[in-house]
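Chemist: With the first letter of the sequence shown counted as 1, position 322 gets the number 650 in the numbering used here; the numbers rise by one all the way through.
I should point out that these hints are in silico values taken from the structure, not numbers from a laboratory. Some clues are possibly wrong.
Think about it this way: if two alpha-carbon atoms lie no more than 30 Å apart in a straight line, the pair counts; the simulated DSSO-like pairs of lysine-lysine are [as the list claims (entries may be wrong)]:
| id | residue 1 | residue 2 |
| --- | --- | --- |
| 1 | K405 | K389 |
| 2 | K717 | K405 |
| 3 | K485 | K405 |
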Amino acid sequence: MRTTERRAFAADFLETLYWRNREPLHLIIDEADEFAPQRARAGIERLLGATEDIVRRGRVKGLGVTLCTQRAAALHKTVLSQVDSLIALGVTAPQDVNTISDWVAQHAEEGQAREVRQSLPALPVGQAWVWSPEWLGVTQRISVRRRRTFDSSATPKAGARRHAAITWAPVDVEGLRRQLDSAGDQDERATAANQNDALVEIERLRGQLAAEQTRVAQVQRVEVPVLSAQDLQALTEAVAHLRSVGEQISAAASTVERALSTTQPAVTRASDTSPAQQPTEPESPEPVPAPPAGEGASDGRLGLAQRQILTVLAQHGQRTTNQVALLTGRSHKGGGYRNALSTLRSSGLIEGRGDIRITDAGRAALGSWEPLPPPGPGLIDWWAQQLDKAPRLILQHLASTPHRDVPIAEIAEATEYSSAGGGFRNAISRLRSLDLATGRGELRINPDLLAAGDSDRRRQR
329 MRTTERRAFA ADFLETLYWR NREPLHLIID EADEFAPQRA RAGIERLLGA TEDIVRRGRV
389 KGLGVTLCTQ RAAALHKTVL SQVDSLIALG VTAPQDVNTI SDWVAQHAEE GQAREVRQSL
449 PALPVGQAWV WSPEWLGVTQ RISVRRRRTF DSSATPKAGA RRHAAITWAP VDVEGLRRQL
509 DSAGDQDERA TAANQNDALV EIERLRGQLA AEQTRVAQVQ RVEVPVLSAQ DLQALTEAVA
569 HLRSVGEQIS AAASTVERAL STTQPAVTRA SDTSPAQQPT EPESPEPVPA PPAGEGASDG
629 RLGLAQRQIL TVLAQHGQRT TNQVALLTGR SHKGGGYRNA LSTLRSSGLI EGRGDIRITD
689 AGRAALGSWE PLPPPGPGLI DWWAQQLDKA PRLILQHLAS TPHRDVPIAE IAEATEYSSA
749 GGGFRNAISR LRSLDLATGR GELRINPDLL AAGDSDRRRQ R
(Lines of atoms letter the chains of each structure in order from A and count residues from 1; the text may use other names and numbers.)
(Lines give C-alpha, C1' and ligand atoms only; values in the text may rest on other atoms or scores of the structure.)
Protein backbone atom coordinates (compact mmCIF):
# COMPACT_ATOMS: atom_id res chain seq x y z
CA MET A 1 0.00 0.00 0.00
CA ARG A 2 1.40 3.40 -0.99
CA THR A 3 1.88 6.24 1.48
CA THR A 4 -1.10 8.25 0.18
CA GLU A 5 -3.31 5.15 0.35
CA ARG A 6 -2.22 4.42 3.92
CA ARG A 7 -3.00 7.99 4.98
CA ALA A 8 -6.42 7.91 3.32
CA PHE A 9 -7.26 4.60 5.03
CA ALA A 10 -6.07 5.85 8.43
CA ALA A 11 -8.08 9.10 8.06
CA ASP A 12 -11.23 7.15 7.09
CA PHE A 13 -10.75 4.78 10.03
CA LEU A 14 -10.19 7.52 12.63
CA GLU A 15 -13.08 9.69 11.38
CA THR A 16 -15.49 6.74 11.37
CA LEU A 17 -14.34 5.61 14.82
CA TYR A 18 -14.77 9.12 16.23
CA TRP A 19 -18.33 9.53 14.96
CA ARG A 20 -19.62 5.99 15.62
CA ASN A 21 -17.94 4.81 18.81
CA ARG A 22 -19.97 5.14 22.01
CA GLU A 23 -18.40 2.41 24.15
CA PRO A 24 -15.13 2.54 26.17
CA LEU A 25 -12.26 1.79 23.79
CA HIS A 26 -8.48 2.11 24.15
CA LEU A 27 -6.83 3.04 20.85
CA ILE A 28 -3.06 2.53 20.44
CA ILE A 29 -1.41 4.53 17.64
CA ASP A 30 2.10 3.33 16.77
CA GLU A 31 4.49 5.68 14.93
CA ALA A 32 2.19 8.49 16.07
CA ASP A 33 4.35 11.17 14.44
CA GLU A 34 3.21 9.78 11.07
CA PHE A 35 -0.43 10.44 12.04
CA ALA A 36 0.17 13.84 13.68
CA PRO A 37 3.51 15.32 12.54
CA GLN A 38 4.69 18.67 13.89
CA ARG A 39 5.32 19.87 10.31
CA ALA A 40 2.22 18.94 8.37
CA ARG A 41 3.12 18.13 4.77
CA ALA A 42 0.75 18.51 1.84
CA GLY A 43 -1.82 15.73 1.75
CA ILE A 44 -1.73 14.92 5.47
CA GLU A 45 -4.07 17.65 6.73
CA ARG A 46 -7.13 15.37 6.89
CA LEU A 47 -5.28 12.63 8.82
CA LEU A 48 -3.84 15.21 11.24
CA GLY A 49 -7.31 16.67 11.85
CA ALA A 50 -8.81 13.22 12.50
CA THR A 51 -6.03 12.38 14.96
CA GLU A 52 -6.50 15.69 16.81
CA ASP A 53 -10.25 15.01 17.12
CA ILE A 54 -9.61 11.57 18.64
CA VAL A 55 -6.96 12.80 21.09
CA ARG A 56 -8.58 16.11 22.11
CA ARG A 57 -12.28 15.22 22.10
CA GLY A 58 -12.41 11.42 22.09
CA ARG A 59 -12.87 11.15 25.86
CA VAL A 60 -16.53 12.20 25.66
CA LYS A 61 -17.07 9.34 23.19
CA GLY A 62 -15.35 6.75 25.39
CA LEU A 63 -12.01 6.82 23.55
CA GLY A 64 -8.67 6.62 25.32
CA VAL A 65 -5.45 6.92 23.31
CA THR A 66 -1.85 5.74 23.68
CA LEU A 67 0.60 7.46 21.32
CA CYS A 68 3.85 5.60 20.52
CA THR A 69 6.72 7.42 18.80
CA GLN A 70 10.50 7.34 18.66
CA ARG A 71 10.64 11.09 17.87
CA ALA A 72 8.89 13.11 20.56
CA ALA A 73 9.96 16.38 18.89
CA ALA A 74 8.29 15.32 15.63
CA LEU A 75 4.87 14.86 17.30
CA HIS A 76 2.42 17.73 16.78
CA LYS A 77 2.38 20.02 19.83
CA THR A 78 -1.42 20.26 19.92
CA VAL A 79 -1.60 16.48 20.32
CA LEU A 80 1.35 16.36 22.73
CA SER A 81 -0.31 18.94 25.00
CA GLN A 82 -3.17 16.49 25.71
CA VAL A 83 -0.89 13.83 27.18
CA ASP A 84 -1.44 13.22 30.91
CA SER A 85 0.83 10.18 31.30
CA LEU A 86 4.29 9.63 29.81
CA ILE A 87 6.56 6.59 29.44
CA ALA A 88 9.99 7.56 28.05
CA LEU A 89 12.79 5.19 27.11
CA GLY A 90 16.27 6.29 26.15
CA VAL A 91 16.59 9.02 23.51
CA THR A 92 19.70 10.83 22.29
CA ALA A 93 18.54 13.53 19.85
CA PRO A 94 18.69 16.95 21.59
CA GLN A 95 15.30 17.99 20.19
CA ASP A 96 13.61 14.86 21.60
CA VAL A 97 15.36 15.24 24.96
CA ASN A 98 14.20 18.88 25.15
CA THR A 99 10.60 17.97 24.28
CA ILE A 100 10.40 15.29 26.98
CA SER A 101 12.22 17.52 29.50
CA ASP A 102 9.80 20.39 28.89
CA TRP A 103 6.83 18.08 29.51
CA VAL A 104 8.37 16.72 32.72
CA ALA A 105 9.24 20.22 33.95
CA GLN A 106 5.51 21.04 33.99
CA HIS A 107 4.61 17.97 36.08
CA ALA A 108 7.62 17.21 38.32
CA GLU A 109 9.85 19.00 40.80
CA GLU A 110 12.92 20.81 39.52
CA GLY A 111 15.30 18.17 40.86
CA GLN A 112 13.40 15.35 39.17
CA ALA A 113 13.24 17.22 35.87
CA ARG A 114 17.01 17.73 35.95
CA GLU A 115 17.63 14.05 36.74
CA VAL A 116 15.42 12.97 33.84
CA ARG A 117 17.09 15.31 31.36
CA GLN A 118 20.56 14.07 32.32
CA SER A 119 19.65 10.37 32.27
CA LEU A 120 17.57 10.12 29.06
CA PRO A 121 20.52 9.87 26.61
CA ALA A 122 22.16 7.12 28.69
CA LEU A 123 19.16 4.99 29.70
CA PRO A 124 20.00 1.30 29.10
CA VAL A 125 17.68 -0.97 27.12
CA GLY A 126 14.68 -1.93 29.21
CA GLN A 127 14.87 1.13 31.48
CA ALA A 128 12.18 3.83 31.27
CA TRP A 129 10.79 6.84 33.12
CA VAL A 130 7.08 6.85 33.95
CA TRP A 131 5.10 10.01 34.83
CA SER A 132 1.41 9.93 35.58
CA PRO A 133 0.94 12.65 38.22
CA GLU A 134 -2.86 12.83 37.99
CA TRP A 135 -4.15 9.49 36.70
CA LEU A 136 -1.87 6.87 38.33
CA GLY A 137 -0.03 9.14 40.78
CA VAL A 138 3.31 7.63 39.68
CA THR A 139 6.63 9.33 38.98
CA GLN A 140 9.49 6.82 38.91
CA ARG A 141 12.12 4.96 36.88
CA ILE A 142 11.13 1.39 35.99
CA SER A 143 12.51 -1.75 34.35
CA VAL A 144 10.56 -3.30 31.45
CA ARG A 145 10.97 -7.08 31.08
CA ARG A 146 11.53 -8.65 27.69
CA ARG A 147 8.51 -10.19 26.00
CA ARG A 148 8.07 -13.93 26.41
CA THR A 149 5.97 -14.46 23.27
CA PHE A 150 7.16 -14.32 19.66
CA ASP A 151 8.69 -10.90 18.84
CA SER A 152 7.59 -10.13 15.28
CA SER A 153 9.11 -6.62 15.40
CA ALA A 154 12.58 -7.58 16.63
CA THR A 155 15.46 -5.87 14.81
CA PRO A 156 17.36 -8.37 12.61
CA LYS A 157 20.94 -8.98 13.79
CA ALA A 158 23.88 -9.78 11.55
CA GLY A 159 24.52 -13.54 11.34
CA ALA A 160 21.38 -14.46 13.27
CA ARG A 161 18.59 -16.52 11.78
CA ARG A 162 15.30 -14.65 11.68
CA HIS A 163 12.35 -16.62 13.01
CA ALA A 164 8.98 -16.00 11.47
CA ALA A 165 5.53 -17.07 12.58
CA ILE A 166 4.41 -19.74 10.09
CA THR A 167 1.34 -21.18 11.83
CA TRP A 168 -2.01 -19.52 11.23
CA ALA A 169 -4.80 -19.95 13.73
CA PRO A 170 -7.91 -21.57 12.22
CA VAL A 171 -10.59 -19.09 11.23
CA ASP A 172 -14.27 -19.95 11.32
CA VAL A 173 -15.35 -17.90 8.31
CA GLU A 174 -18.99 -19.06 8.43
CA GLY A 175 -19.19 -18.28 12.13
CA LEU A 176 -17.87 -14.78 11.54
CA ARG A 177 -20.38 -14.28 8.75
CA ARG A 178 -23.28 -15.33 11.00
CA GLN A 179 -22.09 -12.95 13.72
CA LEU A 180 -21.86 -10.05 11.27
CA ASP A 181 -25.33 -10.79 9.89
CA SER A 182 -26.75 -11.00 13.40
CA ALA A 183 -25.15 -7.70 14.35
CA GLY A 184 -26.64 -6.05 11.25
CA ASP A 185 -30.14 -7.32 12.11
CA GLN A 186 -29.80 -6.04 15.67
CA ASP A 187 -28.74 -2.61 14.40
CA GLU A 188 -31.77 -2.43 12.07
CA ARG A 189 -34.15 -3.40 14.88
CA ALA A 190 -32.54 -0.90 17.24
CA THR A 191 -32.78 1.85 14.61
CA ALA A 192 -36.49 1.18 14.02
CA ALA A 193 -37.17 1.22 17.76
CA ASN A 194 -35.29 4.50 18.15
CA GLN A 195 -37.28 6.05 15.31
CA ASN A 196 -40.58 5.07 16.93
CA ASP A 197 -39.48 6.50 20.28
CA ALA A 198 -38.44 9.72 18.55
CA LEU A 199 -41.83 10.09 16.83
CA VAL A 200 -43.64 9.62 20.14
CA GLU A 201 -41.44 12.26 21.80
CA ILE A 202 -42.04 14.72 18.92
CA GLU A 203 -45.81 14.37 19.27
CA ARG A 204 -45.57 14.92 23.03
CA LEU A 205 -43.52 18.10 22.55
CA ARG A 206 -45.92 19.38 19.92
CA GLY A 207 -48.79 19.00 22.37
CA GLN A 208 -46.90 20.96 25.03
CA LEU A 209 -46.11 23.73 22.54
CA ALA A 210 -49.72 24.03 21.45
CA ALA A 211 -50.85 24.26 25.08
CA GLU A 212 -48.34 27.02 25.83
CA GLN A 213 -49.40 29.04 22.77
CA THR A 214 -53.04 29.07 23.93
CA ARG A 215 -52.20 30.79 27.18
CA VAL A 216 -52.76 34.52 27.29
CA ALA A 217 -49.63 36.29 28.39
CA GLN A 218 -50.16 38.80 31.16
CA VAL A 219 -48.51 42.06 30.11
CA GLN A 220 -47.29 44.30 32.89
CA ARG A 221 -46.99 47.94 32.09
CA VAL A 222 -43.71 49.46 33.24
CA GLU A 223 -43.14 53.19 33.18
CA VAL A 224 -39.59 54.25 32.28
CA PRO A 225 -38.53 57.79 33.16
CA VAL A 226 -37.23 59.94 30.27
CA LEU A 227 -35.22 63.14 30.14
CA SER A 228 -37.14 66.40 30.11
CA ALA A 229 -36.43 69.23 27.67
CA GLN A 230 -34.64 71.13 30.46
CA ASP A 231 -32.41 68.10 31.16
CA LEU A 232 -31.47 67.78 27.49
CA GLN A 233 -30.63 71.50 27.29
CA ALA A 234 -28.41 71.26 30.40
CA LEU A 235 -26.55 68.23 28.99
CA THR A 236 -26.02 69.97 25.65
CA GLU A 237 -24.51 73.02 27.35
CA ALA A 238 -22.25 70.82 29.52
CA VAL A 239 -20.93 68.94 26.47
CA ALA A 240 -20.21 72.21 24.64
CA HIS A 241 -18.33 73.53 27.68
CA LEU A 242 -16.21 70.38 27.95
CA ARG A 243 -15.39 70.50 24.23
CA SER A 244 -14.28 74.15 24.62
CA VAL A 245 -12.05 73.26 27.58
CA GLY A 246 -10.50 70.39 25.60
CA GLU A 247 -9.68 72.70 22.70
CA GLN A 248 -8.04 75.19 25.09
CA ILE A 249 -5.88 72.42 26.62
CA SER A 250 -4.84 71.19 23.16
CA ALA A 251 -3.86 74.72 22.10
CA ALA A 252 -1.83 75.20 25.30
CA ALA A 253 -0.02 71.90 24.74
CA SER A 254 0.88 72.93 21.18
CA THR A 255 2.27 76.24 22.48
CA VAL A 256 4.45 74.44 25.03
CA GLU A 257 5.73 71.99 22.38
CA ARG A 258 6.70 74.87 20.07
CA ALA A 259 8.48 76.65 22.92
CA LEU A 260 10.44 73.52 23.81
CA SER A 261 11.45 72.92 20.19
CA THR A 262 12.87 76.45 19.87
CA THR A 263 14.81 76.27 23.15
CA GLN A 264 16.07 72.71 22.77
CA PRO A 265 19.89 72.67 22.53
CA ALA A 266 21.50 71.06 19.50
CA VAL A 267 22.14 67.40 19.95
CA THR A 268 25.11 65.69 18.37
CA ARG A 269 24.03 62.27 17.06
CA ALA A 270 26.27 59.38 18.07
CA SER A 271 28.04 57.90 15.04
CA ASP A 272 27.77 54.13 15.64
CA THR A 273 26.47 53.43 19.10
CA SER A 274 26.38 49.72 19.86
CA PRO A 275 22.93 48.40 20.76
CA ALA A 276 24.30 45.95 23.20
CA GLN A 277 27.03 47.65 25.22
CA GLN A 278 27.54 50.97 27.00
CA PRO A 279 28.33 53.86 24.62
CA THR A 280 31.65 55.64 24.85
CA GLU A 281 30.85 58.97 26.50
CA PRO A 282 32.73 61.54 28.56
CA GLU A 283 33.43 60.51 32.12
CA SER A 284 30.16 60.87 34.01
CA PRO A 285 29.90 62.06 37.59
CA GLU A 286 30.04 59.46 40.35
CA PRO A 287 26.56 57.97 40.90
CA VAL A 288 24.80 59.28 43.96
CA PRO A 289 21.89 57.68 45.77
CA ALA A 290 18.67 58.39 43.92
CA PRO A 291 16.09 60.52 45.73
CA PRO A 292 12.82 58.80 46.64
CA ALA A 293 10.62 57.93 43.65
CA GLY A 294 7.58 60.14 43.18
CA GLU A 295 5.25 61.29 40.48
CA GLY A 296 7.52 63.58 38.49
CA ALA A 297 11.04 64.87 37.93
CA SER A 298 10.36 68.59 38.14
CA ASP A 299 10.59 68.54 41.95
CA GLY A 300 13.73 66.36 42.00
CA ARG A 301 11.88 63.07 42.32
CA LEU A 302 11.64 60.33 39.67
CA GLY A 303 8.52 58.32 38.90
CA LEU A 304 8.76 54.65 37.97
CA ALA A 305 8.50 55.22 34.22
CA GLN A 306 11.08 58.03 34.34
CA ARG A 307 13.56 55.89 36.28
CA GLN A 308 13.11 53.00 33.85
CA ILE A 309 13.76 55.28 30.87
CA LEU A 310 16.89 56.81 32.44
CA THR A 311 18.22 53.35 33.39
CA VAL A 312 17.81 52.07 29.81
CA LEU A 313 19.60 55.12 28.38
CA ALA A 314 22.41 54.81 30.96
CA GLN A 315 22.92 51.16 30.06
CA HIS A 316 22.51 51.31 26.28
CA GLY A 317 23.35 54.87 25.28
CA GLN A 318 21.47 56.76 22.58
CA ARG A 319 18.31 54.93 21.48
CA THR A 320 15.12 55.65 19.55
CA THR A 321 11.98 56.28 21.56
CA ASN A 322 10.49 53.03 20.20
CA GLN A 323 13.54 51.03 21.34
CA VAL A 324 13.38 52.59 24.81
CA ALA A 325 9.69 51.67 25.01
CA LEU A 326 10.51 48.05 24.10
CA LEU A 327 13.29 47.86 26.69
CA THR A 328 11.06 49.29 29.43
CA GLY A 329 8.13 47.05 28.49
CA ARG A 330 5.84 49.98 27.69
CA SER A 331 3.85 51.06 24.65
CA HIS A 332 5.53 53.85 22.70
CA LYS A 333 2.05 55.30 22.09
CA GLY A 334 0.94 55.12 25.73
CA GLY A 335 0.13 58.34 27.58
CA GLY A 336 2.19 57.38 30.65
CA TYR A 337 5.30 56.74 28.54
CA ARG A 338 4.97 59.93 26.50
CA ASN A 339 4.30 62.02 29.63
CA ALA A 340 7.43 60.58 31.26
CA LEU A 341 9.53 61.48 28.18
CA SER A 342 8.11 65.02 28.15
CA THR A 343 8.84 65.52 31.86
CA LEU A 344 12.41 64.21 31.55
CA ARG A 345 13.05 66.38 28.49
CA SER A 346 11.68 69.56 30.07
CA SER A 347 13.73 68.85 33.23
CA GLY A 348 16.95 68.56 31.18
CA LEU A 349 17.49 64.90 32.14
CA ILE A 350 17.35 63.64 28.51
CA GLU A 351 18.05 65.17 25.11
CA GLY A 352 16.68 64.60 21.63
CA ARG A 353 13.36 63.76 19.97
CA GLY A 354 13.39 60.69 17.69
CA ASP A 355 16.75 59.55 19.13
CA ILE A 356 17.20 60.34 22.81
CA ARG A 357 20.08 60.08 25.25
CA ILE A 358 20.66 60.74 28.93
CA THR A 359 22.37 63.97 30.08
CA ASP A 360 24.86 64.41 32.91
CA ALA A 361 22.03 65.84 34.98
CA GLY A 362 20.00 62.74 34.17
CA ARG A 363 22.83 60.47 35.38
CA ALA A 364 23.08 62.44 38.61
CA ALA A 365 19.31 62.25 39.16
CA LEU A 366 19.28 58.51 38.42
CA GLY A 367 22.03 57.71 40.91
CA SER A 368 23.20 54.09 41.02
CA TRP A 369 22.30 51.71 38.19
CA GLU A 370 23.42 48.27 37.05
CA PRO A 371 25.79 48.37 34.04
CA LEU A 372 25.56 45.76 31.30
CA PRO A 373 27.98 42.81 31.32
CA PRO A 374 30.94 43.03 28.89
CA PRO A 375 30.46 41.58 25.37
CA GLY A 376 30.45 37.80 25.33
CA PRO A 377 28.36 35.02 26.91
CA GLY A 378 27.47 37.16 29.92
CA LEU A 379 25.94 39.91 27.79
CA ILE A 380 24.06 37.38 25.63
CA ASP A 381 22.65 35.72 28.78
CA TRP A 382 21.59 39.15 30.07
CA TRP A 383 19.64 39.81 26.89
CA ALA A 384 18.14 36.31 26.96
CA GLN A 385 16.67 37.04 30.40
CA GLN A 386 14.94 40.17 29.05
CA LEU A 387 13.26 38.36 26.13
CA ASP A 388 10.24 36.10 25.79
CA LYS A 389 10.68 32.45 24.83
CA ALA A 390 10.65 32.71 21.01
CA PRO A 391 13.12 35.63 20.60
CA ARG A 392 15.28 34.14 23.38
CA LEU A 393 15.62 30.78 21.57
CA ILE A 394 16.39 32.53 18.26
CA LEU A 395 19.08 34.73 19.87
CA GLN A 396 20.70 31.75 21.59
CA HIS A 397 20.79 29.80 18.32
CA LEU A 398 22.39 32.75 16.50
CA ALA A 399 24.95 33.02 19.31
CA SER A 400 25.80 29.32 18.93
CA THR A 401 26.83 29.93 15.28
CA PRO A 402 28.33 33.44 15.43
CA HIS A 403 30.52 33.17 12.33
CA ARG A 404 27.88 32.73 9.62
CA ASP A 405 24.52 34.07 8.41
CA VAL A 406 21.79 31.60 9.40
CA PRO A 407 18.82 30.95 7.05
CA ILE A 408 15.37 31.62 8.50
CA ALA A 409 14.26 28.03 7.76
CA GLU A 410 17.19 26.61 9.73
CA ILE A 411 16.40 28.84 12.71
CA ALA A 412 12.74 27.75 12.66
CA GLU A 413 13.73 24.07 12.62
CA ALA A 414 16.29 24.49 15.41
CA THR A 415 13.81 26.36 17.66
CA GLU A 416 10.86 24.12 16.68
CA TYR A 417 8.69 26.95 15.36
CA SER A 418 6.90 27.29 12.05
CA SER A 419 8.78 29.74 9.82
CA ALA A 420 5.41 31.11 8.64
CA GLY A 421 3.92 31.44 12.13
CA GLY A 422 3.04 34.84 13.56
CA GLY A 423 4.85 34.22 16.85
CA PHE A 424 8.08 33.33 15.04
CA ARG A 425 7.87 36.35 12.71
CA ASN A 426 7.12 38.69 15.61
CA ALA A 427 10.11 37.33 17.53
CA ILE A 428 12.45 38.05 14.60
CA SER A 429 10.99 41.56 14.24
CA ARG A 430 11.59 42.19 17.96
CA LEU A 431 15.26 41.16 17.67
CA ARG A 432 15.69 43.50 14.69
CA SER A 433 13.97 46.36 16.54
CA LEU A 434 16.40 45.94 19.44
CA ASP A 435 19.40 45.76 17.03
CA LEU A 436 20.28 42.32 18.35
CA ALA A 437 20.11 40.75 14.87
CA THR A 438 20.05 41.92 11.27
CA GLY A 439 19.13 40.42 7.91
CA ARG A 440 16.02 39.24 6.08
CA GLY A 441 16.25 35.84 4.39
CA GLU A 442 19.22 35.10 6.66
CA LEU A 443 19.84 36.39 10.17
CA ARG A 444 23.13 37.25 11.84
CA ILE A 445 23.80 38.22 15.41
CA ASN A 446 25.05 41.74 16.09
CA PRO A 447 28.86 41.36 16.43
CA ASP A 448 28.88 43.90 19.27
CA LEU A 449 27.26 41.25 21.45
CA LEU A 450 30.24 38.92 21.00
CA ALA A 451 33.54 38.79 22.84
CA ALA A 452 36.48 40.57 21.18
CA GLY A 453 37.86 37.47 19.46
CA ASP A 454 34.53 36.30 18.10
CA SER A 455 33.60 39.82 16.99
CA ASP A 456 36.91 40.29 15.15
CA ARG A 457 36.54 36.99 13.33
CA ARG A 458 33.00 37.98 12.36
CA ARG A 459 34.15 41.29 10.85
CA GLN A 460 36.91 39.55 8.85
CA ARG A 461 34.40 37.41 7.01
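Chemist: Now, for every hint given, state plainly whether the structure supports it.
Modeler: Here is how each hint holds up against the structure:
no.: 1; hint: K405 <-> K389; verdict: 22 Å, holds
no.: 2; hint: K717 <-> K405; verdict: 16 Å, holds
no.: 3; hint: K485 <-> K405; verdict: 35 Å, violated
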